[in-house]
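Using the sequences and the hints given, assemble the complete structure.
From first to last, the protein sequence lines are chains Y and F. 11 is the number of the first residue of the first sequence in the working numbering; add one for each residue after it. 36 is the number of the first residue of the second sequence in the working numbering; add one for each residue after it.
What you were told as hints is all true, and nothing was included just to trick you.
Where chain F lies over chain Y, by a calculated footprint (3+ residues, C-beta under 8 Å):
id: 1; region: 131-142
id: 2; region: 151-160
Sample of chain F residues facing chain Y (criterion: CB under 7 Å; computed from the structure):
id: 3; residue: G227
id: 4; residue: Q602
id: 5; residue: M605
id: 6; residue: A616
id: 7; residue: L619
id: 8; residue: R633
id: 9; residue: N635
Label-pair distances were calculated between CB atoms; the ranges are:
id: 10; chain 1: Y; residue 1: A16; chain 2: F; residue 2: E493; range: 56 to 64 Å
id: 11; chain 1: Y; residue 1: G180; chain 2: F; residue 2: G227; range: 28 to 36 Å
id: 12; chain 1: Y; residue 1: Q169; chain 2: F; residue 2: G227; range: 39 to 47 Å
No lab work stands behind these hints: they were computed from the structure. All C-beta atoms in this analysis are idealised placements derived from N, C-alpha and C, irrespective of residue type, glycine included.
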Amino acid sequence: MTNKPALALDGEAIARCVKRIAHEIAERNDGAGNLALIGIVRRGATLAERLAQALRQDGEREVPVGTLDISSYRDDGKGEPGDPRLLGRNIPFALDGGHVILIDDVLYTGRTVRAALTALADLGRPESIQLAVLVDRGQHEIPIRADYVGKNIAAPTGQRVYVRLAEIDGVDAVVVGGEKS
Amino acid sequence: MRRLPKYDLVSIEDLAIPEIERIFELADMFAENLRDGVPSTRAGGLIMATLFYEPSTRTRLSFESAMNRLGGSVISSADMQASSAAKGESLADTVRVVSAYADLIVVRHPCDGAARVAAEYAPVPVINAGDGSREHPTQTLCDLYILRRKKGDLKGLTVAICGDLKFGRTVHSLIYALARFGANIVAVPYGGMDVPDYVLERLAAERNYKFSTVTIDELKSSFAGGLDALYLTPSAPHQMALFTSENPLEKVPEVRPPAALDAFYVTRLQKERLADKDRAAQGYGHFDVRALRTSRTQEAVVMHPLPRTDELAYELDTDPRAVYFEQAAAGVPVRMALVAWMLESAAREVLRPQAPEPPISFKHEPAPRCAHPTCITRSEGSYLRPRFRLASGSNRSRLALRCGFCERDSRVEYVGHATSHRYYHFDENLSGYVRQWIEEGTLAVFESVKEAEERGYEPYKRGPQREIMNAAEIARACEAIAAQAIADAADPTAIAIVGVVSRGAMLAMRLRDLIEAQTGVRPPCAALDVYGGDPRLRAIDGAETFNVDGRAIVLVDDVINSGWTVQRAMTALWQHGRPAAVKLAVLIDRGYRAVPIRPNYVGRNIPTTRAERVQVRLGIGAETRKNPDRVLLYSMVDSLRERESPT
Numbered sequence: 011m012t013n014k015p016a017l018a019l020d021g022e023a024i025a026r027c028v029k030r031i032a033h034e035i036a037e038r039n040d041g042a043g044n045l046a047l048i049g050i051v052r053r054g055a056t057l058a059e060r061l062a063q064a065l066r067q068d069g070e071r072e073v074p075v076g077t078l079d080i081s082s083y084r085d086d087g088k089g090e091p092g093d094p095r096l097l098g099r100n101i102p103f104a105l106d107g108g109h110v111i112l113i114d115d116v117l118y119t120g121r122t123v124r125a126a127l128t129a130l131a132d133l134g135r136p137e138s139i140q141l142a143v144l145v146d147r148g149q150h151e152i153p154i155r156a157d158y159v160g161k162n163i164a165a166p167t168g169q170r171v172y173v174r175l176a177e178i179d180g181v182d183a184v185v186v187g188g189e190k191s
Numbered sequence: 036m037r038r039l040p041k042y043d044l045v046s047i048e049d050l051a052i053p054e055i056e057r058i059f060e061l062a063d064m065f066a067e068n069l070r071d072g073v074p075s076t077r078a079g080g081l082i083m084a085t086l087f088y089e090p091s092t093r094t095r096l097s098f099e100s101a102m103n104r105l106g107g108s109v110i111s112s113a114d115m116q117a118s119s120a121a122k123g124e125s126l127a128d129t130v131r132v133v134s135a136y137a138d139l140i141v142v143r144h145p146c147d148g149a150a151r152v153a154a155e156y157a158p159v160p161v162i163n164a165g166d167g168s169r170e171h172p173t174q175t176l177c178d179l180y181i182l183r184r185k186k187g188d189l190k191g192l193t194v195a196i197c198g199d200l201k202f203g204r205t206v207h208s209l210i211y212a213l214a215r216f217g218a219n220i221v222a223v224p225y226g227g228m229d230v231p232d233y234v235l236e237r238l239a240a241e242r243n244y245k246f247s248t249v250t251i252d253e254l255k256s257s258f259a260g261g262l263d264a265l266y267l268t269p270s271a272p273h274q275m276a277l278f279t280s281e282n283p284l285e286k287v288p289e290v291r292p293p294a295a296l297d298a299f300y301v302t303r304l305q306k307e308r309l310a311d312k313d314r315a316a317q318g319y320g321h322f323d324v325r326a327l328r329t330s331r332t333q334e335a336v337v338m339h340p341l342p343r344t345d346e347l348a349y350e351l352d353t354d355p356r357a358v359y360f361e362q363a364a365a366g367v368p369v370r371m372a373l374v375a376w377m378l379e380s381a382a383r384e385v386l387r388p389q390a391p392e393p394p395i396s397f398k399h400e401p402a403p404r405c406a407h408p409t410c411i412t413r414s415e416g417s418y419l420r421p422r423f424r425l426a427s428g429s430n431r432s433r434l435a436l437r438c439g440f441c442e443r444d445s446r447v448e449y450v451g452h453a454t455s456h457r458y459y460h461f462d463e464n465l466s467g468y469v470r471q472w473i474e475e476g477t478l479a480v481f482e483s484v485k486e487a488e489e490r491g492y493e494p495y496k497r498g499p500q501r502e503i504m505n506a507a508e509i510a511r512a513c514e515a516i517a518a519q520a521i522a523d524a525a526d527p528t529a530i531a532i533v534g535v536v537s538r539g540a541m542l543a544m545r546l547r548d549l550i551e552a553q554t555g556v557r558p559p560c561a562a563l564d565v566y567g568g569d570p571r572l573r574a575i576d577g578a579e580t581f582n583v584d585g586r587a588i589v590l591v592d593d594v595i596n597s598g599w600t601v602q603r604a605m606t607a608l609w610q611h612g613r614p615a616a617v618k619l620a621v622l623i624d625r626g627y628r629a630v631p632i633r634p635n636y637v638g639r640n641i642p643t644t645r646a647e648r649v650q651v652r653l654g655i656g657a658e659t660r661k662n663p664d665r666v667l668l669y670s671m672v673d674s675l676r677e678r679e680s681p682t
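Here's what the structure looks like:
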């Protein structure tokens with residue numbers, strides 16, 4: 011596919027999405043103790059840090075942040091070998107009885123989230139798991155739905171949607187289509 | 036030929052205090068003999084096998100050196116992961132086979148409770164050289180030995196334990212042992228790596244022992260400017276009754292500031308058990324000679340189980356208070372002493388009182404499974420039967436079961452009575468009954484209401500019920516779901532159906548018939564049992580196998596509520612392969628989702644309150660006429676409120 015890349019969200023729009031999602035999380039979990047954010051490595055983890063900051067700025071609350079690397083739970087054979095229960099996470103708090111917000115950049119097939127749910131259920135017994143994504147592409151292959159969505163982008167199959175974040179890529183942008191850079 | 040008695044060292048708790056004292060006497064003697072070059076032949080003719088499923092240099096070498104120094108010999112498999120374990124041989128089979136080659140087995144394994152399993156299956160004695168993040172009792176013997184040699188009687192000593200207190204198994208063994216000897220502990224976690232709650236709860240419940248946790252800065256400032264920040268309790272070991280009314284952790288500790296610290300025990304970050312290594316390492320502390328410069332710490336010795344990374348300054352090495360190399364050197368005489376003590380016990384025919392509390396017997400099958408992910412029963416579940424005791428942290432408002440293998444506690448939400456087939460949400464009114472049911476062997480435990488009902492249990496008390504769907508409505512809903520599934524599928528003949536046992540599986544068979552009527556192709560169908568031990572996927576229709584790989588699966592359940600059951604079902608599906616797609620079909624969606632899962636096909640959305648339950652009743656074959664299909668909504672009456680009400 012040789013279509014030109016199109017900017018779907020710029021830096022400001024991403025910042026607004028993060029702020030809005032933070033608001034929604036605070037509202038929906040009002041009064042709920044034990045709220046925690048867990049970002050899926052790598053860009054989900056970056057977004058988790060930004061959401062935590064937004065929650066703090068709102069004067070809402072200090073929420074612990076963890077990261078999850080689901081590469082060892084992947085179902086496409088690209089994962090690392092080893093016991094997945096011992097690999098790929100930095101969650102310095104207990105999940106038992108807590109409300110976990112799982113964060114990823116793009117929801118597409120749902121396979122990453124499916125793997126992350128398996129990983130989280132292995133780590134403890136949270137009261138609930140809610141899903142926040144910056145972009146929902148639809149066309150899920152698995153019955154996963156996001157609780158918080160930054161923007162719905164219906165891109166045709168085969169077209170790529172890139173989320174670029176300043177901490178990793180030097181710039182904040184969501185780009186649809188184009189060659190992989 | 037001489038034989039060692041079948042005495043297993045799985046936990047430091049397996050050794051009584053006089054036994055530890057005797058081992059230390061022997062270690063003193065062996066240390067002296069090693070220094071003077073006096074050889075020993077105590078273990079002549081005996082063979083030790085070292086089975087290490089996890090890499091280790093010093094532990095394995097010190098065991099092997101100790102055995103050779105005693106005149107015995109060693110057989111070893113350097114890398115178990117690459118040998119029989121990689122061929123899929125179970126731990127139980129391996130230790131049984133190796134028992135024919137050796138008189139003593141030393142085992143290290145990444146799963147919690149593995150040493151217990153090895154000890155139970157091997158006819159020869161087993162020594163635990165580290166199992167998961169649980170215990171490492173011979174390291175603890177070395178630690179206690181050095182502490183005693185440097186500081187005398189362990190009772191009343193004050194030890195600051197610094198570093199990764201979360202995953203460090205040497206630390207957990209050491210804490211239990213110091214508590215037993217009556218020493219005081221100050222926990223100084225680095226980078227938030229706190230002592231796990233289950234260790235604290237166990238100490239509080241079983242020994243009435245508590246200690247305080249401080250940061251390294253708080254520790255330093257408390258020594259600089261008075262000791263008000265440090266709270267310590269002298270240990271007063273006594274057994275707490277089960278189901279006491281108060282939570283033992285909430286008791287206010289008695290205040291007794293220590294006059295001085297006797298030892299610092301520093302540990303490294305257990306990087307291999309972490310993911311984001313760099314990030315965790317940033318917050319990790321660094322121990323150097325400055326900590327020893329106050330009047331209250333100048334006599335303290337510095338210990339470390341080694342290997343060290345960056346947490347311990349190299350400048351300390353020449354300080355006489357740094358004893359970690361002596362600690363490492365003690366590994367050989369202490370392990371020699373352990374083997375020699377086992378031989379002594381054989382000569383005296385000492386019978387060890389090995390009478391642990393019998394496990395709770397569960398009438399319903401399968402028995403509950405351990406919730407701890409690295410428990411050995413999860414990875415070797417094909418032959419290990421989970422077993423539980425009532426956890427010491429249980430009290431009136433909290434019921435927990437302790438796994439007989441990994442010794443971790445799993446909290447129980449729903450309990451059932453196997454004779455009356457009633458289930459209850461556990462609350463404080465039930466604690467007396469539960470104890471009685473344990474004695475009678477009639478206790479059942481469930482992870483959810485759904486599981487209880489799947490197993491044929493009824494709620495303790497149910498309120499009025501009403502029918503929300505009749506047989507015709509259920510049939511129409513099934514037809515609509517089948518039509519949607521066919522319309523959605525790229526190739527309707529490639530559909531495969533999986534139903535969650537038991538009503539989901541009954542609905543799955545109905546959908547199969549409906550899809551066959553429309554497409555002319557009978558889709559393969561399987562039932563998935565997600566409750567209890569290993570989830571099982573069983574083909575229906577007499578087919579030998581059910582293939583998940585590359586199939587467009589329609590997953591079927593009767594009612595979706597929190598979604599945890601579907602989540603478990605998907606996890607189980609992926610254990611059998613990689614489906615091309617999964618569509619979720621449910622007869623009823625009653626809301627209250629706790630996981631980000633949404634069904635693709637819903638027979639009917641039923642708004643419910645949390646106290647209400649939806650029950651789907653489906654007839655089979657000839658019974659259909661007698662008991663027609665229906666969906667009932669009823670309210671659950673809270674057992675607590677019921678009993679408090681005067682009527």
